[in-house]
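Student: So you can see what is in the structure, the chains are spelled out below.
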Amino acid sequence: MKRIQTLETRDLAESLRDGGCGECQTSCQSACKTSCGVANQQCEKCGE
Amino acid sequence: MIHAYQMNGYNIILDVFSGSVHVVDDVAYDLIQLYETLPKEEVIARLLEKYAGRADVTRAELEDCLADVEELKAAGKLYAPDAYADRAFDLKNRSTVIKALCLHVAHTCNLTCDYCFASQGKYHGERALMSFEVGKQALDFLIAHSGSRVNLEVDFFGGEPLMNWEVVKQLVAYGRSQEEPCHKKFRFTLTTNGMLVNDEVIDFCNKEMHNVVLSLDGRKEVHDRLRRTVGGKGSYDVIVPRFQEFAARREGKNYYVRGTYTRDNLDFTNDIFHMADLGFTELSMEPVVCAPEDPYALRPEDLPVLFEQYEILAKEMLKRDKEGRGFTFYHYMIDLKAGPCIYKRISGCGSGTEYLAVTPWGDLYPCHQFVGDEAYKMGDVWQGVTNTALRDEFKLCNAYARPDCQDCWARLYCSGGCAANAYHATGSIKGVYEYGCELFRKRMECAIMIQAAKALDKE
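Chains as they are written, first to last, in my numbering: chain V, 3 to 50; chain W, 292 to 750.
Source of the hints: derived by calculation from the structure; they are not laboratory data. Among the hints, a few may not be true.
[Unchecked claim] Pairs of lysine to aspartate or glutamate residues, derived as DMTMM-like cross-links and limited to a Cα-Cα distance of at most 20 Å, are as follows:
{"hint": "1", "chain 1": "W", "residue 1": "K544", "chain 2": "W", "residue 2": "D626"}
{"hint": "2", "chain 1": "W", "residue 1": "K475", "chain 2": "V", "residue 2": "E16"}
{"hint": "3", "chain 1": "W", "residue 1": "K749", "chain 2": "V", "residue 2": "E25"}
{"hint": "4", "chain 1": "W", "residue 1": "K341", "chain 2": "W", "residue 2": "E362"}
{"hint": "5", "chain 1": "W", "residue 1": "K628", "chain 2": "V", "residue 2": "D20"}
{"hint": "6", "chain 1": "W", "residue 1": "K613", "chain 2": "V", "residue 2": "E46"}
{"hint": "7", "chain 1": "W", "residue 1": "K606", "chain 2": "W", "residue 2": "D748"}
{"hint": "8", "chain 1": "W", "residue 1": "K628", "chain 2": "V", "residue 2": "E10"}
{"hint": "9", "chain 1": "V", "residue 1": "K4", "chain 2": "W", "residue 2": "E354"}
{"hint": "10", "chain 1": "W", "residue 1": "K476", "chain 2": "V", "residue 2": "D20"}
{"hint": "11", "chain 1": "W", "residue 1": "K460", "chain 2": "W", "residue 2": "E470"}
{"hint": "12", "chain 1": "V", "residue 1": "K4", "chain 2": "W", "residue 2": "E361"}
{"hint": "13", "chain 1": "V", "residue 1": "K4", "chain 2": "W", "residue 2": "D695"}
{"hint": "14", "chain 1": "W", "residue 1": "K613", "chain 2": "W", "residue 2": "D748"}
{"hint": "15", "chain 1": "W", "residue 1": "K364", "chain 2": "V", "residue 2": "E25"}
{"hint": "16", "chain 1": "V", "residue 1": "K4", "chain 2": "W", "residue 2": "D626"}
{"hint": "17", "chain 1": "W", "residue 1": "K364", "chain 2": "V", "residue 2": "E46"}
{"hint": "18", "chain 1": "W", "residue 1": "K745", "chain 2": "V", "residue 2": "E25"}
{"hint": "19", "chain 1": "W", "residue 1": "K721", "chain 2": "W", "residue 2": "D695"}
{"hint": "20", "chain 1": "V", "residue 1": "K4", "chain 2": "W", "residue 2": "E470"}
The structure presented is a predicted model; accordingly, all values stated were derived computationally and were not measured.
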């Protein structure tokens with residue numbers, strides 16, 4: 003596409019089917035402890 | 292829903308519900324925003340008028356661009372519908388296991404940091420150390436309530452956990468002894484102010500701790516202003532060499548040098564750069580959480596300065612990365628390809644459900660930030676969670692449960708935000724801490740811009 007470049011991203015709708023294993027890290031357990039989000043969490047399955 | 296923004300020379304379109312990210316030129320940037328609300332002919336007419344002097348913006352060119360947009364829409368990568376709203380409460384109502392504990396092994400501290408949300412380690416209560424028996428029971432409780440979950444997280448927290456070091460070591464040994472028979476794997480984390488770090492601590496942690504969080508606020512004058520000993524002496528000179536040694540010997544294992552910024556150092560990027568210049572590469576810097584009347588509390592008028600700071604940080608990180616001296620900033624870590632699934636994005640941090648805090652006496656709270664608030668006591672490590680109404684309230688507290696989040700593009704990145712911050716700001720865990728939201732959205736924009744810059748740089 004001439005004017006649009008699409009980055010490779012995880013399809014969130016698709017993750018309704020392949021996600022939800024619950025093995026990922028608890029969001030607040032790493033470095034923040036005060037301003038939690040989930041965006042910077044890693045998927046445990048994807049890293050296998 | 293899309294979110295369009297410009298930063299560092301990039302035009303970025305984020306498609307909220309598919310998670311897609313598009314980097315576009317100025318014509319497509321306008322077109323994608325107009326497409327949702329105007330008929331095609333009107334979009335073309337407006338853009339022909341706006342770009343009248345541009346030879347590359349013709350009717351044919353715009354029709355090509357419209358066709359591309361429609362192709363992305365058909366592929367579910369633009370204007371994707373919200374397929375999760377109807378299922379959000381089901382997701383959160385599913386049975387959950389407990390997978391992480393924050394063990395408050397020491398409600399006491401050897402520093403008296405002014406801004407400490409734990410009230411110098413005491414959490415507004417008595418000074419106390421957790422006994423091995425209480426800690427062991429907490430680990431048994433975690434194992435018993437973790438279902439089929441294999442990876443269990445335990446954070447040794449305080450106060451200052453190294454003031455109860457022998458118990459920390461005993462609990463690690465006990466946890467390890469239970470891994471094989473119980474088919475579990477413990478991931479231990481230690482958060483420390485560094486005052487008691489020595490060779491033995493470093494060796495033990497580098498063998499046993501999945502992660503260590505080392506508290507440093509940045510430049511000496513900034514750090515020493517608020518992080519002082521009981522005698523009023525700054526702690527920077529004591530801890531920095533120890534942290535440097537600690538980090539150097541991690542040998543690739545996780546660590547974070549974590550700071551807090553306040554109104555006294557609104558130019559906090561200089562503190563992050565100072566940390567990087569000290570040789571640390573895994574960095575985190577958090578806005579202070581405190582009462583609005585505290586002298587160092589961040590104020591509404593500080594927001595533009597902070598926004599600018601986050602952009603400065605993002606640009607400098609890209610620059611240093613190219614120069615081969617890059618570093619990681621916790622809030623800019625975002626893996627677009629292997630990030631969290633939609634379940635995680637809706638259910639959030641897990642406080643009060645998957646994640647609980649344990650006091651030195653074995654009481655359970657939804658997270659470390661609720662400890663000391665009796666209304667939020669959930670039970671104890673012997674009886675388990677007895678306040679099930681409170682647990683259910685936390686279960687239902689997600690990105691779709693907060694009315695204030697309904698129009699926010701970032702809600703699948705923050706999951707509705709921190710329940711403790713919401714509670715302290717509004718009196719309800721279903722409220723939002725708007726100031727924190729403003730900062731979070733800015734950080735996400737920066738994080739995604741960095742990914743866009745890196746992706747395009749490779750091409």
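Student: Hints broken by the structure, by number, lowest first?
Tutor: The structure conflicts with hints 2, 3, 4, 6, 10, 13, 15, 16, 17, 18 and 20, although it agrees with all the remaining ones.
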